[in-house]
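K.L.:
Take a look at the letters that make up each chain.
Protein chains: 2
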Amino acid sequence: MSRQMVRPGGRSARVQASVHTAVRELASEVGRDALTVPMIAQRAGVTPSTIYRRWGDLQELLSDVAVERLRPEATPGDHGALPSDLTAWAEQFLDEMSSPAGRAYIRDALLGDPDGGNAGQCSAYAAEQIDVILTRASERGEKGPDVETVIDHVVAPLMYRILFRPDGLDAAYARRLVTAVLDPTGR
Amino acid sequence: MSRQMVRPGGRSARVQASVHTAVRELASEVGRDALTVPMIAQRAGVTPSTIYRRWGDLQELLSDVAVERLRPEATPGDHGALPSDLTAWAEQFLDEMSSPAGRAYIRDALLGDPDGGNAGQCSAYAAEQIDVILTRASERGEKGPDVETVIDHVVAPLMYRILFRPDGLDAAYARRLVTAVLDPTGR
Chain A
1 MSRQMVRPGG RSARVQASVH TAVRELASEV GRDALTVPMI AQRAGVTPST
51 IYRRWGDLQE LLSDVAVERL RPEATPGDHG ALPSDLTAWA EQFLDEMSSP
101 AGRAYIRDAL LGDPDGGNAG QCSAYAAEQI DVILTRASER GEKGPDVETV
151 IDHVVAPLMY RILFRPDGLD AAYARRLVTA VLDPTGR
Chain B
1 MSRQMVRPGG RSARVQASVH TAVRELASEV GRDALTVPMI AQRAGVTPST
51 IYRRWGDLQE LLSDVAVERL RPEATPGDHG ALPSDLTAWA EQFLDEMSSP
101 AGRAYIRDAL LGDPDGGNAG QCSAYAAEQI DVILTRASER GEKGPDVETV
151 IDHVVAPLMY RILFRPDGLD AAYARRLVTA VLDPTGR
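For the protein sequence lines, the chains are A and B, in the order given.
So in the UniProt record's numbering, the last one in the first sequence is 187, and the numbering has no gaps at all.
So in the UniProt record's numbering, the last one in the second sequence is 187, and the numbering has no gaps at all.
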C-alpha cells in the first residue's frame, strides 16, 4: 500500500496515476528488471524524491503497480448456474495468473510488501469475485460452499501450483477443483 | 539452484558451505536486509566474483540459502495412525512456515528464483514428507488420499494463507484441513 492516503482527484492521485503509467510503459519498453527510480521519475515528470517519499523504494512501487494490475476488470460472468459460473471464473483466474505477466505481478505483489497489505488485497479481489458468484447462486436458490471454502479448495491450490509447481497446470485441473468443491462426496 | 553442479567434498562444496554459513551468521548479526555480496564474501573467505559467478546475484544466493533452511530435518513422526500422523505434520508445517523466519525463507525462495527450481524444491520437500506418511499408512492397511490431493487440500491452503491472508491462522485450522481431506464426505 502506498504510504499516504490518496485523495481522489487531488495532486496525490495525479502523481500516483502518472507514476503507475510510467512504470507500465517503461516495463514494456525496457523490461521490468531494467527499471530504476530516476528513470520512472523522469518519465512521470516528478522528482525521484517524490517516489522515495511515497513508496519507500522501487520494490514497494512495483508491488503497488502489480496489485493495481491484478484488480479484476469486470464482475464474473453469469452463465445461469453455479457450476458453470465458478468453472468459468476459475479457468479465467488460472489463465491470467499463470501467464508470464500474471506470475510477475504476483511475485511483485508478494515481494515489495513488508506489511503484507498488497498480498492481502490480491486475495480480497478473489474473495470478492467468488462472493458475487455465490450470492448470485444463493439468489437462484442453489446451494453452495462458502467463500472461505472456495478460497481453500480452488484458489489456494491454483495459486500454490502457479508459484511452487507449475508443471501440468491446465484448465482441466481448474475444472476438477471446482467439481470437487461443489460435490465433496464425489472425490 | 546454484549455477554449477556441486561435487560433494570438492572445492565447490566447500565454497558453498562457507558462503551459506556466512549468510546465516551475518543475517542473524546485521539482519537480512543489510546483507551485501562483498560482506558475505569477506566472511566466507572468497572473492565477490566467486559469488557472482556462482549465484548470479544476492537474491539468487539468498534463495539458495532459504531452500536449504526449508529442508525438513527429520522424517515425520510415527503416531500409529494416519489421522494423527498427518495432523501432527500439518501443525508443525504451519508452525515452521508461518514463523517470521519461515515466511522470510519462503519469500526468498520464491524471489531470487528465475527458473522456479527453488520453489519447486520447497514443494518437493513437502511432497516427500507426505509420501512417507501415506506409505506408512498404506503399510498399516489404512486407506488415504494420494500425495497430490494432500498437497491441494492441506499444503496449498496453509501456504496460500501464510502468503496472502495470514489473519486467524492457527493449529485448529490445520486440523480442520486434515480432517476434511481424510473424510471429504464430512465437510
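Rather than coming from a laboratory, the hints here were simulated on the basis of the structure.
You may find that some hints are simply not true.
[Claimed, not checked] Restraint ranges, calculated between C-beta atoms of paired labels, are given here: (1) B:Thr135 - A:Ser49: 27 to 33 Å; (2) A:Gly77 - B:Asp183: 45 to 51 Å; (3) B:Val30 - A:Asp57: 15 to 21 Å; (4) A:Glu142 - B:Glu29: 56 to 62 Å; (5) A:Asp115 - B:Arg24: 22 to 28 Å; (6) A:Ser138 - B:Ala17: 54 to 60 Å; (7) A:Arg43 - B:Tyr52: 27 to 33 Å; (8) B:Gly80 - A:Asp167: 30 to 36 Å; (9) B:Pro100 - A:Gly141: 44 to 50 Å; (10) A:Ala171 - B:Glu25: 43 to 49 Å; (11) B:Pro100 - A:Gln92: 32 to 38 Å; (12) A:Gly77 - B:Arg24: 24 to 30 Å.
Ideal placement from N, C-alpha and C gives every residue a C-beta, glycine not left out.
K.L.:
Okay, which hints does this one fail, numbers in order?
P.N.:
Of the numbered hints, 1, 2 and 12 do not hold.
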